[in-house]
Amino acid sequence: MGAPTVLATREPAKPAHWRLKTTFWLDVTLLVSLCALQTVPFTGLVLHEWLGLALVGMVCAHLLFSWSWIASQSRRLFAIRSIRARVNYLLNLGLFAVTTAVIFSGILISQKAIPALTRTSVTADMDWRWDFIHNELSSYLIILAGLHLAINWDWALSAGRRLFRQALGGAL
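When we follow the working numbering, the leftmost residue of the sequence shown carries the number 71, and every step to the right adds one.
Simulated from the structure, these hints should not be mistaken for laboratory data.
The beta-carbon is built from N, C-alpha and C at its ideal position, and this holds for glycine as well.
The hints are all genuine.
Estimated spans, in silico, between C-beta atoms of each pair:
#, residue 1, residue 2, range
1, A149, L117, 41 to 47 Å
2, W225, T170, 19 to 25 Å
3, C105, L160, 23 to 29 Å
4, R145, G114, 41 to 47 Å
5, A226, A106, 15 to 21 Å
6, L133, L227, 18 to 24 Å
7, R145, W198, 39 to 45 Å
Hey, can you work out the whole structure from these sequences and the hints?
This is the structure we're talking about:
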């Protein structure tokens, strides 16, 4: 018998590693998507709208992966002694509310994606109020996402190091 193949020597992925890897790359994808969504002239309206709709799934997946944290922090919100934990919780709550409003208003003012999904050839007249809300809240979304990244920077850095160290065989 020859030397074992690479597939034979590799251990099956552990659930914790799979979860870390999935969460990390989902978060990176969310960040890149959010940045791309802020540059409509770069992406064009069609890609902007479809990427915005894809963001719905990414946000839902992010919430599902974080659900145990959300549930535990919600249960002990008033028992939490740490100001950082309370700020983090309220920041995440605000981020969720603003994200929901941006997505909702984006769906209401959609000129390409929603008409394609509903198979209608007539787009609704652009309501300047929803357009204003969408654009204003998008600015707040960037600020809140930046703060979210900042408060979770240690986790992001640690997860990135761990994943890249494993990918490079411990060289880092």
